[in-house]
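**Q** So the chains spell out like this:
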Amino acid sequence: MRFIPVTCEQQESMLRAIGARDIDELFEDIPKSVRLKTGVSLARGLSEIELAAELEALSAENATHLVSFLGGGCYDHYIPAIVDAVVSKPAFFTAYTPYQPEVSQGTLQATYEYQSMVCALTGMDVANASVYDGATALVEAALMAARVTKRHSVVVSEGVHPEWRDVLRTYAASGAISVVECPAPDGCIDLDALRSSVVDAAAVLVSCPSFLGTVEDLASVGEIAHEAGALCVVSADPVLLGIMEPPSSFGADIVVGEGQSLGNPMSYGGPGLGLFACRQEFLRQMPGRIVGRTVDVDGRPGFVLTMQTREQHIRRERATSNICSNHSLNAIAAGVYLAAVGQEGLAGIASACVAKAHYLHDALVRTGAFSPANGRPFGYEFALRYEGDVRAMQEALLDRGYLAGLDLSRFGERYSGMVLFAVTEKRTRAQMDAFVEEVVSL
Amino acid sequence: MSQGTRPPLTGRLIFESGTPESRCVTPPEPDVPDVDMDAALGGMLRREAPALPHVTEVEIARHYERLASANFGVDTGFYPLGSCTMKYNPKIDEWACRLDGFADAHPYQPEVTVQGLLHLMYDLQSALGEVSGLPAVSLQPAAGAHGELTGLMVIRAYHVAMGDARKRVIIPDSAHGTNPATVAMCGYEVTQVPSDARGGVDLDGLRAALGPDVAAIMLTNPNTLGLFDENICAITQLVHEAGALAYCDGANLNAIMGHARPGDLGFDVMHINLHKTFATPHGGGGPGAGPVCVAPALAEFLPSPVVVRDGEGEYHLHTPEKTIGRVRSFLGNVGVLVRAYSYIRALGGDGLKDVSEQAVLSANYLAQRLRGEYELPYDRRCMHEFVLSAERQRKEHGVRTLDIAKRLLDYGIHPPTVYFPLIVHEAMMIEPTETESLETLDRFADVMLAIAEEAKSDPEMLHGAPYSTPVRRLDEARAAREPDLAWKPMRDGAL
Ligand SMILES: Cc1ncc(COP(=O)(O)O)c(C=O)c1O
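Heads up: the sequence lines are chains A and B, in that order.
Take the first sequence: its letters are residues 1 to 442, numbered as in my numbering.
Take the second sequence: its letters are residues 443 to 937, numbered as in my numbering.
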């Protein structure tokens, strides 16, 4: 039997050993009236050769060799070969959560190193071992801020990714927090509106860059939040943190982010990982697993899961979160990625993205078909207004092999006519020039 | 030194390797004009570079190889970690999720360009609907606990639509910690019900707990004792009579495929841990996936998006009419979902039934071999796992479950889940899974019996175990008292 090493003969002897007539007898606790007679109604199993062919055919039905300018929270960055070489090691990917530290030092040390790198990038004191994704990291930060401040409402900038705000609203329906959305006309939060909505808020949640790519005035946001006694929660782009001043410098209390860009394939949006870091004083309210360094009985350095009294398996309904499994392997990938590129490499990659994005931005505006949606500084993602029919433009360019940005109208009327372009270090000048030519020829 | 000494496998941080000049990956040569970065970034150019390692590829490769060799995975050896279903992870699934048509797809690509992926997701939804008996499926949740929360949010939305969100959720005392934590996160109060003498839900306790303010019951069945609740149909009926819904924590689905479907047992909602029953690897603690399956009446509340198929056979992302909203970004943990699909296709319906049958047989076989030396608090036929107690070893020899667990490491075996469920003293929850040979099962039983003898003859030795692991027992109290959670260049030395 597939993946079952016990033979039929051995099954018989095992049944005899436990004093059972047959296998069905083992299922007698299941009430007769609901016991299945027909087994599982799914097609027969496939041999590996058949299965591989089916999977290759399904894979081939996806167009993934297009020149892509899509971003919006998931980015086509280069993944160094060493990353997959590490996370493909069975000792890493076939292990469970490191409950037995004596035989889990690999996962634990790699996670401690990951936490250290997240602290280095964000400027925060402590980081956890990851949560599911950027959106759930933002929600966890909002819930944590409510616990820390004992307040109920959070103010979220409309410059935060619309899907993340949707997730925040979904969680808020349980009553733990209420959500106030603050206008952000160019992606950047309207500071006057923020001042009036922040009263009694637990936190201000902003994204820098915003989902329109624009750079937020974090210093002002932090100041306004703190004056009102609210925490400042910033979602940051980990690649841009290679060249951007960390949120800690502007008073951020919690920094979250989507970590997919750090060595994880896009995989149609998951699994990436949720980055989560905060200031030391809030450690005990942090959600999720945390790895700490200690020593063993012989005095050797070693690592363990720590601060566990925050967690569900101990604290149950009073835990800081219900999270159990996180995105450990993705976090290890992020650690390998950051080790592989190093500080100069990350800065170089981030700079390449920014330079290329500005090149494409200017070239597209020069065609006359596009105009800037706002005049704000941006990183490697920017919104443009298209003069014609966005859908028709994107379809025509798809036929020519391009994913021509993200039609923002999917997020509501107010964005109609706007297209969001992301440019990573993988795009070349030649690709961009050819793309601009196609735009001109439309 | 004459006999040679090996450097320790772990402890030396990646930050402490390499030199300031060491490089692995360098960025591409610029092919566009320079921009003034500080101006481009609104004056927010970083003043001080982040303290990341400086290493060459060789050093990275060796570093992580050393770390890996200090780790224990399913490919290393027997891993009977109860409730976690540490079965073998087929390698074709790893190959499949890395195919470029899956790994390189962007979540905002037009649907016409990802028909293969959507087709696969649609078929996975259908397969999970079939296995669970709950046909409407969301693939969004990222793990079991996330699925629990999603499922409970669906239940809340249903009650709100009926006019009253209600207040409480009932949970048995044997429940996994995520269940009560999820209840609280969803804004409900936990009402705990006791287990009866046979390990199932105490029916009188349940009757007493039910009331018009109860939104749901959350049950794991088979439960965390590895026992199938024979009263399950009566339980779900009582719950429904109170106007509440029944939620199934599907962590233990590996026990019943082909023999029972939670939907047929009266459950309205369940999550499935694909990283348990459907063989996707645990990754040292994730990523997993926790799809949620619901009865047709609840389909319209599922999170957005679900995959649908139109009359022309084309696949689309669809937002259910009364959706609770999104519970994360994008569709789900697609890389994990592809692996689960591949596994289901490899086994087929019959293979899945074989899986559950062998999982249950192997657990019963081990229980039979161990029940003499160790206490078996609920002495009845188990499903895919069972819970032993080391209470006798503790009382007679001062040897605790922790000591036994640590001693197993010296024999090259990963310990069972320990001290859970909370209702069993000195608990050891053993789940062999179907992917272990009889030889492996027998060796485990032999080792457990040998440790029971060691407990009698040399309890002190057990208190010191393990002896042969890369590190020995770690000072967890110190870790919590003096948290060292990140390497800091200022404190730990310049880069
Ligand atoms: C019974 C039970 N419920 C829920 C969970 C949580 O699942 P996850 O870790 O995928 O969130 C587990 C995992 O250990 C479990 O055993």
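One should not assume that every hint holds.
Beyond 10 Å from chain B on every Cβ pair, some chain A residues (computed) [claimed, not checked]:
#1 R44
#2 S59
#3 P101
#4 S104
#5 K150
#6 E181
#7 D190
#8 D200
#9 G229
#10 E281
#11 F282
#12 S321
#13 L329
#14 Q394
#15 A434
#16 V436
From chain A, some residues computed to sit far from chain B (all C-beta separations above 10 Å) [unchecked claim]:
#17 R35
#18 E56
#19 D125
#20 L191
#21 R195
#22 G251
#23 R279
#24 R366
#25 S409
#26 G412
DEER-style ranges, computed between Cβ atoms [stated by the list, open to error]:
#27 B/D638 to A/S41: 31 to 37 Å
#28 A/H65 to B/L818: 55 to 61 Å
#29 B/L864 to A/S47: 41 to 47 Å
#30 B/E463 to A/E413: 50 to 56 Å
#31 A/E48 to B/E507: 43 to 49 Å
#32 A/E223 to B/E463: 52 to 58 Å
#33 B/P577 to A/E223: 49 to 55 Å
#34 A/H65 to B/S464: 32 to 38 Å
#35 B/E507 to A/E344: 21 to 27 Å
#36 B/K930 to A/S441: 52 to 58 Å
#37 B/G755 to A/S13: 48 to 54 Å
If you are wondering where the hints come from, they were derived from the structure by calculation, not from laboratory data.
Think of the CB as a built atom: it goes at the ideal place given N, C-alpha and C, for glycine as much as any other residue.
**Q** Which hint numbers doesn't this structure obey?
**A** Violated hints: 1, 2, 3, 4, 12, 13, 14, 17, 18, 19, 31, 32; rest satisfied.
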